[in-house]
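Enquirer: Given the coordinates of chain A, assemble chains B, C and D onto it according to the supplied hints.
Protein chains: 4
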Amino acid sequence: MSTHYVCTLVFRVSLLSCLLRPTTALAADVAKSPHGPDDELGVLNTLTTAQSVAVLQRVSSGKVYDLSVEYFVGMPGLADLGMGDPPYHIWMTHTPSGIKVEKLSPAGGPPDLALYDDAVTMSTHSGTHFDSLNHIGYGDRIFNGFEATRYLGNKGWTKAGADKIPPLITRGILLDVPATKGVTMLPDAYEVTTADIQQTLSKQGVRLQPGDAVLIRTGRMTVWPDAKKFVPNEPGITRDSAAWLIDHGAVLLGADTMGVEKFPMAKESVHAYAFAERGVCLLELAWLEDLAKDKVYEFAFIAAPLKLRGATGAPTRPLALPLRPATPAAPKAADQ
Amino acid sequence: MSTHYVCTLVFRVSLLSCLLRPTTALAADVAKSPHGPDDELGVLNTLTTAQSVAVLQRVSSGKVYDLSVEYFVGMPGLADLGMGDPPYHIWMTHTPSGIKVEKLSPAGGPPDLALYDDAVTMSTHSGTHFDSLNHIGYGDRIFNGFEATRYLGNKGWTKAGADKIPPLITRGILLDVPATKGVTMLPDAYEVTTADIQQTLSKQGVRLQPGDAVLIRTGRMTVWPDAKKFVPNEPGITRDSAAWLIDHGAVLLGADTMGVEKFPMAKESVHAYAFAERGVCLLELAWLEDLAKDKVYEFAFIAAPLKLRGATGAPTRPLALPLRPATPAAPKAADQ
Amino acid sequence: MSTHYVCTLVFRVSLLSCLLRPTTALAADVAKSPHGPDDELGVLNTLTTAQSVAVLQRVSSGKVYDLSVEYFVGMPGLADLGMGDPPYHIWMTHTPSGIKVEKLSPAGGPPDLALYDDAVTMSTHSGTHFDSLNHIGYGDRIFNGFEATRYLGNKGWTKAGADKIPPLITRGILLDVPATKGVTMLPDAYEVTTADIQQTLSKQGVRLQPGDAVLIRTGRMTVWPDAKKFVPNEPGITRDSAAWLIDHGAVLLGADTMGVEKFPMAKESVHAYAFAERGVCLLELAWLEDLAKDKVYEFAFIAAPLKLRGATGAPTRPLALPLRPATPAAPKAADQ
Amino acid sequence: MSTHYVCTLVFRVSLLSCLLRPTTALAADVAKSPHGPDDELGVLNTLTTAQSVAVLQRVSSGKVYDLSVEYFVGMPGLADLGMGDPPYHIWMTHTPSGIKVEKLSPAGGPPDLALYDDAVTMSTHSGTHFDSLNHIGYGDRIFNGFEATRYLGNKGWTKAGADKIPPLITRGILLDVPATKGVTMLPDAYEVTTADIQQTLSKQGVRLQPGDAVLIRTGRMTVWPDAKKFVPNEPGITRDSAAWLIDHGAVLLGADTMGVEKFPMAKESVHAYAFAERGVCLLELAWLEDLAKDKVYEFAFIAAPLKLRGATGAPTRPLALPLRPATPAAPKAADQ
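One line per chain: the protein sequences are A, B, C and D, in this order.
The first sequence begins at 0 in numbering that gives the first Met the number 0 and counts up one residue at a time.
The second sequence begins at 0 in numbering that gives the first Met the number 0 and counts up one residue at a time.
The third sequence begins at 0 in numbering that gives the first Met the number 0 and counts up one residue at a time.
The fourth sequence begins at 0 in numbering that gives the first Met the number 0 and counts up one residue at a time.
Please note that the accuracy of each hint is not assured.
Treat identical chains as interchangeable: a pair holds within one or across any two.
[To be verified] Taking lysine to aspartate or glutamate pairs in the EDC-like style, the calculated list, with each CA pair at most 20 Å apart, reads:
| id | residue 1 | residue 2 |
| --- | --- | --- |
| 1 | LYS266 | GLU288 |
| 2 | LYS102 | ASP139 |
| 3 | LYS227 | ASP79 |
| 4 | LYS62 | GLU146 |
| 5 | LYS62 | ASP28 |
| 6 | LYS228 | ASP239 |
Simulated from the structure, these hints should not be mistaken for lab results.
Chain A on its own, in the form it takes in the complex (with noise of 0.2 Å):
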């Protein structure tokens, strides 16, 4: 039922990677989209005007769960991995004291008006935040054959960047791989399985549908914005578990972690896996805490990445408002 896309296993001929690996081996490649050579979006193709009616009339108590977490100096991020990334920071350009010292003439206002600015700089991949499709790929190429030697500038890529992702109004459902489990946070590096996902579809009573956007909660943001215990070795799905949710319908994959997949990664990533091979971006660093204690599974998910060009990556505050049961002229729920 999936919308696949055309994914080959190839035998790559860099030299490089005769060096790395046995001659004879045969690695996972970047997928060519079923939406032509110049697609930049991938699965999102897929939504359809009508599924956002449909999900937003199903609206029921106009409650908004805010899936975002704050921004702050010292927040846990990329920062913590030790690679280099800038961390959060955020500074005042302008104060009224600062403004009168430096004779400096905004323009205009009453003489008594006083003026707050301020700037930040942060790695795109900070707080919640989609990962665009042309976060990772394999070797020089990304999604849809995209090759760095031509699309990659020093301000990002100019393919498949945060700016084409479109805006999602779309059919959410909350995991809560815990609950099931039994646990307040699966343990470090907890690979979440095909079976566990199985489970508590079915302990939720929840079956997916195609352009599901599907958030896989382990329990992390308990110990947010803890840095030491959010950050190494996060719990997360696997290349199986992953497969089988975007077979099953899911359009985009998010997690209350900084990576979604299991870390360390395992060789067949995760990431790797959906940008390049499915064309399905990731959501990051997502908060569930508040629909899981309400126990809210099913709900309208709406969300929009900012528009940084060429960004691999851009922060975002999603929405979710629960849903009143589908009626029976709903559609039909993907079979699983």
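Expert: Leaving out everything else, chains B, C and D in the frame of chain A:
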């Protein structure tokens, strides 16, 4: 009908203001919130979940209008005002070739995994963004009397920051003023008056309601992103027209300009008035061209700024979905 | 013999300090400069060109010791103190491949010209650097009574910034305290006393002179750049030993640590004392290992911080050149 | 007489260059260093400590000329070229009022200790700075054949960065070309020819020697810091005049402009030639006005760039001290 703040004219006692103005001068002052001394939300306290449900259930086509501009190096912004704000900047923190040279080890994955990461610096008032209530005040105080001496840190305010702005799901109204005036774009420094707004509402057949997000189109985006044409002397609303809009139900004032109000600012600044006297946020640099082209004047408006803790502004990617006509049972329109 | 600043004990009248300390408390205060109310240089006013010539003419070997550490991502610094300072960061703004993708046109040159550019973010107190006199003061005032309310902008001070520090060419003295003590490195939080300094001078056969730049080695650089070992609880001088050094001619106090003084700071902070009471800058994170290894205790010291306008500190790359023994006609050593 | 690099004309085989130029084209290539395949210093290998001593002993007045401009928000720089480099920016990371609001605890000190800290962002080519040998090359290679594919990380090069440039203490020569020409400032895009240089040397009564740092004044600093006048179409030397200077002993070429060479660059770029073919660094944005005013044409030149690891450039604050005439025993001047 509107939710009014207790806003008083007071005699300023500070020595500074005594020096700056005749001792008999009366000045506008920051408002005390009717929602209590700890209130940081302002008028957004008044939005109800019933309003959110009602508006979502009127969504008709499912077509989603994206009201955000892209973020890119060279985009117009505060940096063009010459007050020393940093321009938008993005750079690559990781590329596969760099990672190889630096002998970094991303946490696992296949040998040919290719990782791309980037980071940004920007003013919090970059691109499409909310202005928080702490952006501008009078003297040492902002909305609800919060004082800089008590609440302004080097990393933003501890009060009324962007992180405190709740998600907005409410009715949105586009006021296409240049269409009313029969021009492509309002002239430089044009004052959008109450009469202009009333004329536009009338022409569009729309009446304001409590809870509306009102977006004023000036046509300025027709010269975007030419900073020399876009930035100086923006057209926009005045304190009078802002007051009329808020009095008639607006809980958010937005525009397709950097400042919403006419620039240079009049002595009676809309920014200061909206934030400090009325508890109303602004939405700036909104992309309204698609709504205008399709004559979509009434829509579900969905927006939530990034939760940058304490920040005076925050980027957002607002969405608009056209509505079908309201049924007779719909909330009674405000008296205009 | 020393150049003394007019430094008075005053009764603080602010309500805050009344609450924080017994009302009978007397506190040290910022000094008025003997060089006048506009003076921003402090004790460096007293250096003469004759001293510079005299010391350069005693340069013997021409060997140049480089007293600066490198700047690199991950280097220890203020960011390690957990107060939210940004760490050192460097990135490429242009590479040939990026320029090609972005279709940029560097201004001319041959078709295969390959341009590489980079940019940095850092605290002004990164790596080997001067502390300016405006780095630390008491209450609202810094050295010479300059008040933050009048002179502190959002882009640094308009008084006593790094740009005001003149180039120093003077005699430098290394005090190798761990060599005196027979240890590799002084223990954590060790207080370098006046006795330690006198003992070291005696052991090294050196006497202080007016105009000396005095560099105190603690051995801390033997654990550089291990931030966990380097940063917490640095050994260093005390107010008493700082006073003795300044009284005996030191016009600059430097060390191979982040803070020169013992940390955590004593109530009588060396920083505040040196800047605000004596008009003496500090030199921090100096690389003294090569001088110590070669037992070079007396040298021509040449240093000038980057002229970062208004900044509280600025990087520098100081040099040291060994001297031959002074002739009998040399300036008479200070009385010790 | 000069230290020559083995510089060959080669036939480029890359497909790209075949497409870009006639297949019969011959191009300049990067040089192999005579100092070996690992050499990253270039011609600075040839400076001797004897030269440093000799020049310092000729220092006469002790007067120190500061050859650096200030760094400030709004200063002209690469950002003005429109290629997306970040402008210089400085901000406060700590102020006493902010620290109090944030409840931070600087490590100890008295209760009224007032701490001010700041941070900066800048291109490494901001203000007075060295260009490193890795700043510009040909094709994929820089000086001494170092290849970007092997040595270019995301945090700078691992070869020939600013950290590898040794301190320079040598004779400096000012060439006041506008004085020779009888103008205040050379015209836009003026080419400083070998004849201009010879005429200036003759008028000034100076002969070049091996080891000289040669600083070419164009008078451009007379319009500093007006970016519109300063930046476009700088006057400067040509490949021919650069070659003549290096052939006659120059180990550093500096100027009072952003690019030392005439802009727009000629096909035969001085940058590429100096770095990649001759192993000679550049010094840019030097402040030469004071030397010129005082007619100081010969001086001890002391400079060392910040050791920014791997960087393509680095700020510096060079110093110049006038010399007394050389004695007959002085090193023999180069044959010119």
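Enquirer: Determine for every hint whether it applies to the structure shown.
Expert: Hint check:
1. LYS266 with GLU288: neither (30 Å within a copy, 45 Å between copies)
2. LYS102 with ASP139: So LYS102 and ASP139 pass the 20 Å test across copies only (18 Å; inside, 51 Å).
3. LYS227 with ASP79: The answer is both: 8 Å in one copy and 15 Å across copies each meet 20 Å.
4. LYS62 with GLU146: Neither: 44 Å inside a copy, 33 Å across copies.
5. LYS62 with ASP28: The answer is neither: 43 Å in one copy and 35 Å across copies each exceed 20 Å.
6. LYS228 with ASP239: Neither way: LYS228 and ASP239 sit 26 Å apart in one copy and 43 Å across, limit 20 Å.
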